[in-house]
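Enquirer: Spelled out from the first residue to the last, the chains are:
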Amino acid sequence: MLFKLAFKNIKKSVSDYAIYFFTLVLGVAIFYVFNAIDSQTAMMKVSESTRDIIDLMLNMLSGVSVFVSFVLGFLIIYASRFLMKRRNKEFGIYMTLGMSKGKISKILVVETFLIGLLSLVVGLVLGCALSQVMSVIVANMFEADLTEFTFVISTEAIVKTIIYFGIMYLLVMIFNTISVSRCKLIDLINANKKTETVKLKNPYLCIVIFIVAVAILGYSYYSVTVGVDNLRETWRIFLIIGLGALGTFLLFFSLSGLVLRVLQHFKKFYYKGLNSFTIKQFSSKINTTVFSMTVICLMLFVTICVFSSCMSMKNAMTANLKELAPVDIELAKTRDIPREFIEEYGYSEGQVNNSYQSIEDDLNSVGFNINDYYKDIVSINTYTTVELTVRDTLGSAYNEIYKKYPFMTYDAVEEIVTISDYNKAAKVLGLDTYSLDDDEYLVIADYDNMVSVRNMALKASATITISGKTYYPKYDKCMDGFLEISNSHVNDGIFIVPDDAVSNLTVEKEYLYANYKADTDEGKQEIENLLLSKSDALENIESTLGASTRLSIYEGSVGLGALVTFIGLYLGVIFLISSAAILALKELSEATENKERFKMLRKIGADEKLINKALFRQIAIFFLAPLVVAIIHSIFGIIFCNYILETFGNESLLLAIVLTAVFLVVIYGGYLLITYYCSKRIIKE
Amino acid sequence: MSNLLKIDNIEKYYGSRSGLTKAINNISFEVSKGEFVAIMGSSGSGKTTLLNCISTIDRVTSGHIYMNGVDITKLKGNDLNKFRREELGFIFQDFNLLDTLTAYENIALALSIQDKGYKEIDSLIKDTAKKLGITHILNKYPYQMSGGEKQRVASARAIITEPKLILADEPTGALDSKSSKMLLDSFNYLNDELDATILMVTHDAFTASYAKRVIFIKDGKIFNEIIRGDKSRKEFFDEIIDVVTLLGGDLNYAL
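Sequence lines, in order, name chains X and E.
Quick note, in the numbering used here, the first sequence goes up one by one and the last residue is 685.
Quick note, in the numbering used here, the second sequence goes up one by one and the last residue is 255.
I should point out that these hints are in silico values taken from the structure, not numbers from a laboratory.
Just so you know, even glycine gets a beta-carbon here, dropped at the ideal spot from N, CA and C.
A hint or two may mislead.
Which residues of chain E face chain X? A few of them, derived with a C-beta cut under 10 Å, are [as the list claims (entries may be wrong)]:
no.	residue
1	Q114
2	I121
3	M182
Input sequences plus hints: build the corresponding full structure.
Expert: What follows is the structure, encoded as structure tokens:
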């Protein structure tokens, strides 16, 4: 009997709560898809380094999954709570008929179990289907060979999904039982009759709170943009996040009281059509949902920031590769280490001895003849001197810069390269070449933060002195360029001077650039592997040789790009469907109340068109309010993210924002429309 | 006096072929402009169905209802809403006020959906509120009002659009006797002073005794009809009670 009752209840409310069920199914499916990537990638043929990155990604995804399960758990418990509220009358009837609270709880447990089971089954089936699409995407991203495509079902991911969601549903059952045991019959019976009391907040208090909220938000916005350089410690960042959340809460709290009062003053607008009705509907709802509005707004904010940052990182990482890794290999070695460094910096005797040997000799001594495998070989030296530290290069701009960046290391020595060496390297790296007069120097850098510091000095025509001779800047800003190949802009500054300036200086580093004598990727990989196999031998002669190769940079970038894309998508989708689902459910659970109200409107002769318009506006405002605040937050959030991730370049930010907007419109807008059509159907009954 | 409403042989059936219920079984009557008519009957007699058909909330199975010569059973869609909006005023047993709106806003809604400007709305509401004695509660919410006050606000909403016909469905059903009397006095005021036409459905003899004419319905048919004429309300009440006794059944509890 209990089972039958529970089953009928589900059947009855299935159309009302289709959106809840749909969200659960989607949650299960997405959870499965991202946890099944493990098995999807297991059989792909990828290189060793790609495999490492995939493993890193899997670890991160499973970490994120725990977080995601908290979000979904919150959604499910929250949703089931107000779905229960709607059924108070039904429980009241059961209780007047003599059903015990225990039995009602049992009905609920059976219901939750059935819904859980159904959503898990449907979700997993959908997930299995989606994960096949996913594996094609994964393979594509890692450029893996997908000739032997097989239909993979990950039992591990299925078990994990069932355990995680099982725990969530168990929690829901416990919560439901507690809330049933707490309720009183009289309240249940009168639940539907209770007329809503309209609590009006004190307008002056609201104005004060509004000003406080705006001030807090303003301070937070300021801190993450203009004042961002003061955000050195982690606790400060958390403080700003906390303040932002508090400000958002206060904003919604005060707005719920103010919006109505302000709009009531525009009498012509207020008393037009069903405006007064719509505005009151909204304000009564926002009154009771300040907390959830805040949560939803913050979730949307995180979604927008995470998604757009991930997309822009991904785009930037792959977009810059061609220009930032223009040669197959760049070898670098610390040269001519002075004897006293053995004690000062802990270099070994062998390392010091070896450092006087060139890169080519190193490789020859381990049996790797570079002329056999490499072409376009260019070797250059860089120099340092204690005469030229960061502090020395800033000239008169030092005081100003120090005030702005007090924590920079000002006593680090600068890397110096001669103009002819640089031009040699620039040719093979595809960079611009330069010429210098006897007493001129120029700086190349591409790490934005350092570029702006150095530009301040160059603008002030800071001179540098090497071996007693003074040099003047040729340009008033840094030139674009680098000596180390990498996946991002990390060159914080190299000084280019006339050839004779370095005659008294010691060599600091040797760079060797080359392309492989091979046409295919496989051939290149072979040459690379050959060098890798010598790494033990190189260690034996205590060489400080290091290498960056185009292949490893590509793989790393592509892998990292895929990693951030997946994490962005995963979190984005979950956050977005959770917040949209809460709004949709809230709206639909109130549809019965609204049904009565709309019936009244119809009785006094409001047109269907007018009613539909009022309904749509009511839902749209409810959906858009947290979104608008979240978008304003995001403008500053993205600026901040961009600042942190600046090394990755921001050329692709616009594309990322467009992608985010599309993503938002499709999912959030979709939920809005579904909610509208469901509500329309309910009020029409 | 001219005919405002003409009910012509209407029937309303519920249910399927196997279990047919004749909620209204061939009823005809007319209401003139400026009349105050009460329809009495026990529960299940078909009086609310009749009212729903007249108000176009429900459709008749056969027959016609003419309002100022227009057959309203033929209206469809937005014409129906327009008809309801412009020609009818409703007063319900359970008030049907929107609980999120103040009295003022509830009354204003009836006008704003007719696209009236704010100035006109404001002056009309103040005027009507004075007549019905509800000026002091205009800024209150339904939950802050007594039943009688709510019903007078609902009445104000019903008459403010100057409808041709006011339909009241058990308007005193949820009121105590003092509030009922106040409401019915205001009905009389509307009828006598403002010349409003009122059609009221009730099972309460006391409420019915305020009308000028009472039509009794039993099992979907007109059972009797009495006219107050020059009789005092007390005499008319006694006369109604006589018919109710004759009708028998559960209407007796109205005593």
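Enquirer: Hints numbered earlier in the text: which of these fail when held up against the supplied structure?
Expert: 3
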